[in-house]
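In the order they appear, the protein sequences are chains A and B. Heads up, this note's numbering is the position in the first sequence plus 769, with the first residue counted as 1. Heads up, this note's numbering is the position in the second sequence plus 85, with the first residue counted as 1.
Errors might be hidden in some of the hints.
Dumping the calculated DSSO-like pairs for lysine-lysine here, alpha-carbon to alpha-carbon at most 30 Å [stated by the list, open to error]:
{"#": "1", "chain 1": "A", "residue 1": "Lys786", "chain 2": "B", "residue 2": "Lys208"}
{"#": "2", "chain 1": "B", "residue 1": "Lys206", "chain 2": "A", "residue 2": "Lys786"}
{"#": "3", "chain 1": "A", "residue 1": "Lys786", "chain 2": "B", "residue 2": "Lys212"}
{"#": "4", "chain 1": "A", "residue 1": "Lys790", "chain 2": "B", "residue 2": "Lys206"}
{"#": "5", "chain 1": "B", "residue 1": "Lys208", "chain 2": "A", "residue 2": "Lys790"}
{"#": "6", "chain 1": "B", "residue 1": "Lys240", "chain 2": "A", "residue 2": "Lys824"}
{"#": "7", "chain 1": "B", "residue 1": "Lys212", "chain 2": "A", "residue 2": "Lys790"}
{"#": "8", "chain 1": "A", "residue 1": "Lys978", "chain 2": "A", "residue 2": "Lys889"}
Label pairs and their in silico Cβ distance ranges [claimed, not checked]:
{"#": "9", "chain 1": "B", "residue 1": "Gly172", "chain 2": "A", "residue 2": "Ile787", "range": "32 to 42 Å"}
{"#": "10", "chain 1": "A", "residue 1": "Trp788", "chain 2": "B", "residue 2": "Ile136", "range": "30 to 40 Å"}
{"#": "11", "chain 1": "B", "residue 1": "Ile180", "chain 2": "A", "residue 2": "Val836", "range": "38 to 48 Å"}
{"#": "12", "chain 1": "B", "residue 1": "Phe161", "chain 2": "A", "residue 2": "Phe1067", "range": "47 to 57 Å"}
{"#": "13", "chain 1": "A", "residue 1": "Trp931", "chain 2": "B", "residue 2": "Val191", "range": "49 to 59 Å"}
{"#": "14", "chain 1": "A", "residue 1": "Ile787", "chain 2": "B", "residue 2": "Ala285", "range": "15 to 25 Å"}
{"#": "15", "chain 1": "A", "residue 1": "Gly839", "chain 2": "B", "residue 2": "Phe288", "range": "44 to 54 Å"}
Here's a subset of chain A near chain B, in silico, CB distances under 7 Å, partners left out [claimed, not checked]:
{"#": "16", "residue": "Gly785"}
{"#": "17", "residue": "Ala901"}
{"#": "18", "residue": "Ala1042"}
It is worth saying that the hints were derived from the structure and are not from the lab. Ideal placement from N, C-alpha and C gives every residue a C-beta, glycine not left out.
Letter by letter, the chains look like this.
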Amino acid sequence: MMLGSKTTGSFRLKAGKIWIKSIPYVFIMPFGILFLLFFIAPIMYAFYSSLFVVKHSGLGLSAPVTVFNGLFNLNQAFHDPLFYQSLGRMLLFGVVQVPIMLGLALFFALLLDSVTIRLKNLFRMAFFVPYAIPGVIAALLWGYLYNPQLSPIVQFFHAIGWKSFDFLSQHAVLWSMANIVTWEWTGYNMIIIYSALQAIPHELYEAAKIDGSNGFNIARYIKIPLVAPAIVLSGLFSIIGTLQIFNEPSTLQYITNSITSSYTPNLYAYTAAFVTNQYNYAAALAVLLAIATFIFSFGLLRITTRQTGE
Amino acid sequence: MGNIFTSVLRKTISPEEPMKPSKRTGGTNVLGMAVLFAFTVYFLLPLYWLIISSTKTTNDLFSGNGLWFSGQFQFFQNLQGLFSYDGGIFISWFINTFLYAIGSAVISTLIAAMAGYALAKFKFYGKNTIFSIVLGSLLVPTTALSLPLYLLMAKAGLTNTYWAVLLPSFVSPFGVYLARVYSVSSIPDEMLDAARVDGAGEFRVFFRIALAALTPSLITIFLFQFVAVWNNYFLPLVMLSNQNLFPLTVGLQSWNAITTSVSGQGMLYSYIIMGSLISVLPLIIGFLFLQRYWRAGIVSGSIK
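Please take these sequences and the hints and turn them into a complete structure.
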């Protein structure tokens, strides 16, 4: 009897202890399960399905079968010139667009942070509004502003005698896309940098002023170095965003022939999956794109941390 | 690597609010103001064009000054046409978008709050690993997830249902990250311990004490997910083929595809334009009213 109750008691204690220890896991579980199902599983499945190919029988009499083919798809994607062209195009896009966008964002943030600027609220809201507009709607709108039949901008250039002006020509369209992305995200990045600026203790400026620094030097030697981490973060997300660009080309392709179905890596993967029905190849493209994204984002972190000596 | 990333994020998104005396000294920077005005025009031009164009007939869109009203004021006719076209499908799209955005934002905020709270306030095995995975997943291109997700959903027979869009949108690693940062800074341990001493169970502590302390931050997390889902295009595009389930983005794009095709001959331009205006208004209005929550989220929110 005594023994029995003692065991029960210690069992209870133990159960209670296990319960207390498991509490954080219980809290994490809803997110954890959904994360596994809708984040980790797709990554695994993309890799898994990239290992198969659909084989059609010689005469096409029997149904096609899906067979294991090792790294065939990944290897093919790795050597696919269309994939490289799309990746290269986005790298060119990123090398030009990301610095321009972040440069503008930094410039605006510094201006808004300066005491000699009025109407800050108005500017901040006006610059931030594009972020509220869905990417595909932004692309639609700019598409209309690029469309020679509709656009007041194109009409203006034609009216002043620049007859060949065309936002949608083969050479211009990449930069017309860059304009849409810049329009959408400059204000967002500006707010990130601006907030970092606002967090700088004011005493630093006072000290610099006493030492005779002017506004430009304060920006150059105090403000910019201190907001560098915010700029790195913006750069990181911009690079990830650039490699994933889909809304702009998929919208603009309805109004111009300059955009091929493999214009960006994502458009290419989408076309492979839903237009030409090569699901397994599309999975391989998705895997390669994810790897490329990792390489570039870690690369950026490497370079910037080496420079700032952290 | 993870540490660097965390420190970068933390420096950017720290929720502390350092107060700073605002001093108005010196004159006005005329050149700076001029540049800012010029870019204000740039950032607002597409919206201005959209508003002007929403008052025009399709014919007037293609003739006359694109930056000013035409003779006929067609705003209400366009609005009525938009709402009645194809059996009022636009209204369904609007409601769908709202359901997707609200549903995803409510659930993802709640589960992100729970996970972030646990990561901030408990010591347990695997904690750092879990947090590193959450941070690392911010680097994964989400559109690269959408294709395999479609294949998985197809296997489960869930494509072409509301769940196909909702379930993946319940997962917000960024929300978990924010919830953890906010839990560290805005829930004092003493408050939790006091509640525990009073005999409150862990769930009661969370729902009564922690959630209350987190509320302003939860609104921020909610808004981020709401906007992300409202603006999402790729996931619903991949998942849905039944147009009754489309959100606004996919629906308007499908009209765009018809209109710009050879046989379409521009018939839906005025509806697409009016539809775009209607679909951007809720967020812009929301932005104007909820400014401070945005700033708190993206930022250290010290703006007056």
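Numbers of unmet hints, in rising order: Hint check: 9, 10 and 16 fail, others pass.
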